[in-house]
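Student: Residue strings, one per chain:
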Amino acid sequence: MTKDRKFGAALLEIDDISLAFGGVVALQGVSFDVREHEIRAIIGPNGAGKSSMLNVINGVYHPQRGTVAFKGRKRRDVNPHEAAKEGIARTFQNIALFRGMTVLDNIMTGRNLKMKANFLQQAVYWGAARREELEHRAKVETVIDFLEIQHIRKTPVGRLPYGLQKRVELARALAAEPELLLLDEPMAGMNLEEKQDMSRFILDVNDQMGTSIVLIEHDMSVVMDLSDRVVVLDYGRKIADGTPDEVRNNKDVIDAYLGVAH
Amino acid sequence: MTSESYKRMQFFFEVLIGGLLAGVMYSLVALGFVLIYKASGVFNFAQGAMVFFAALTTVGFISMGAPFWLAVALALAAMVALAFFTERLVLRPLVNQPQITLFMATIGLSFFIEGIAQLTWGAQVHALDLGIADEPIDWLMNNTGMNISKFDLVASGIAAALVAVLAVFFNKTRTGRALRAVADDHQAALAVGISLQKIWVIVWMVAGFVALVTGLLWGARNGVQFALTFLALKALPVLILGGFESIAGAIVGGLIVGASEKLAEVYVGPHVGGGIESWFPYVLALAFLLVRPEGLFGERRIDRV
Chain A
1 MTKDRKFGAA LLEIDDISLA FGGVVALQGV SFDVREHEIR AIIGPNGAGK SSMLNVINGV
61 YHPQRGTVAF KGRKRRDVNP HEAAKEGIAR TFQNIALFRG MTVLDNIMTG RNLKMKANFL
121 QQAVYWGAAR REELEHRAKV ETVIDFLEIQ HIRKTPVGRL PYGLQKRVEL ARALAAEPEL
181 LLLDEPMAGM NLEEKQDMSR FILDVNDQMG TSIVLIEHDM SVVMDLSDRV VVLDYGRKIA
241 DGTPDEVRNN KDVIDAYLGV AH
Chain R
1 MTSESYKRMQ FFFEVLIGGL LAGVMYSLVA LGFVLIYKAS GVFNFAQGAM VFFAALTTVG
61 FISMGAPFWL AVALALAAMV ALAFFTERLV LRPLVNQPQI TLFMATIGLS FFIEGIAQLT
121 WGAQVHALDL GIADEPIDWL MNNTGMNISK FDLVASGIAA ALVAVLAVFF NKTRTGRALR
181 AVADDHQAAL AVGISLQKIW VIVWMVAGFV ALVTGLLWGA RNGVQFALTF LALKALPVLI
241 LGGFESIAGA IVGGLIVGAS EKLAEVYVGP HVGGGIESWF PYVLALAFLL VRPEGLFGER
301 RIDRV
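Chains as they are written, first to last, in the working numbering: chain A, 1 to 262; chain R, 1 to 305.
Any given hint could turn out to be false.
Said to hold, decoys possible - With a Cα cut of at most 20 Å, we get these calculated SDA-like pairs of lysine to any residue: (1) R/172 <-> A/136; (2) A/114 <-> R/172; (3) R/172 <-> A/156; (4) A/114 <-> A/131.
Hint data in this document are derived by calculation from the structure and do not stem from the laboratory. For clarity, every value in this text was computed on a predicted model and none was experimentally measured.
Please build the complete structure, drawing on both the sequences and the hints.
Tutor: Given below as structure tokens:
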């Protein structure tokens, strides 16, 4: 599937990133970019450094070498909450929702950065704080409608089945109205129907909200269907980069996935 | 009903109500612990010291000639400063350390706060007058013959109002939600743009405010003295009964502890030589641990194996 669509300028530029934990090298000289309105997949065998890459973009890890530029601004050593301020939202491989809170409250935390009422106003829940709360609640409702989770609004997240939790996590990320959305294995552990739903949501987000997306995924058919361009990592190095078709036929990629006789 | 059994009933209710009102005061102490535990998973040993510090600071300013409300405002400012100080110098350097490390740090902090308080204001016992008399309510006395203190009733009212405000704050506002989010999952909280440092300052500020209210009420009742720091120990059985992360639990736990220790003292005490009020709550808590270790309102932790 190819999409006729104009991509904008580079939104995120990863340049020569190297990351090591003690003696363990997670990433080595990886460079690629993500353009506006693009769905970019990162694939690779287990331990290839995919999640590490996402964590570098999101500011969880700080690379020893190389630069990350977001919206043309080079940055070093941002914290995750600063990355969130820049307009980067994410989901996690092992769902990281606030389990004791309701779906609605979870998604409302996504609006956290957009809310401005000061502490004192909030302490008495009066005036600006109250108005703002209602205003943002309305925004959150549109996200809830978009992802078709109206019926579980008031359910504590811990009680939901896995597939729905993944969707709530996506909703929380979307509530922040991010420019760049990082999805770490959004379809891991889902059945076919859930995967199809999630694929549709990801495409809709990209299409209707114009959000650029970086996603890590193991299911090859999903990756080939969804993504505009694919980065392939193996042992922390980039071994291929291109459209799904180019990557699929790349000899290094086939070797990395199927193993190669030495 | 014979007048004998009526008297007995009347006495029972007098003890029960007195105990419940005292229990509200325990709840107040426990509340400070719950707030910090909820947001950071740290058992803040210094909460008792904060109560002492807040009360002593207020009394100190009053003795310097400040009017009551100004002294309270200044004490509140001191608690806010303490929150910033604690976050910057104690919590931030220890981020990602095991909980036991943070717990030990709060023990150190409590010594520090106690020292600063006494260094600044001296170690003698101060009286604090909130203008509420600690005397029986006439109406109740005349109509039911029960001896319930006016002060206890007003103190309970203040505590109830404080709890109501905190409940709305926690459930309805952005910061309240952020506090709960941080309590639930640090990593996820960071990813949605919640600054842990800011949240910690806020939660220590709120705990400081609660400590101030607690300190004023307890100080007015028992005198502002070093013994206030031992309130922290009284909060333990309350927390074990109610659950460490529940505001509702702190309230109910406090009521149970207050009522049961007074009833035990009056009805069981004479048979075992008295003085059981001081240790009964701990035995109760111990028994409770065997049956429901997470407390009445605590979250049951289910781990995947």
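Student: Looking at the structure, which of the earlier hints fail to hold?
Tutor: none
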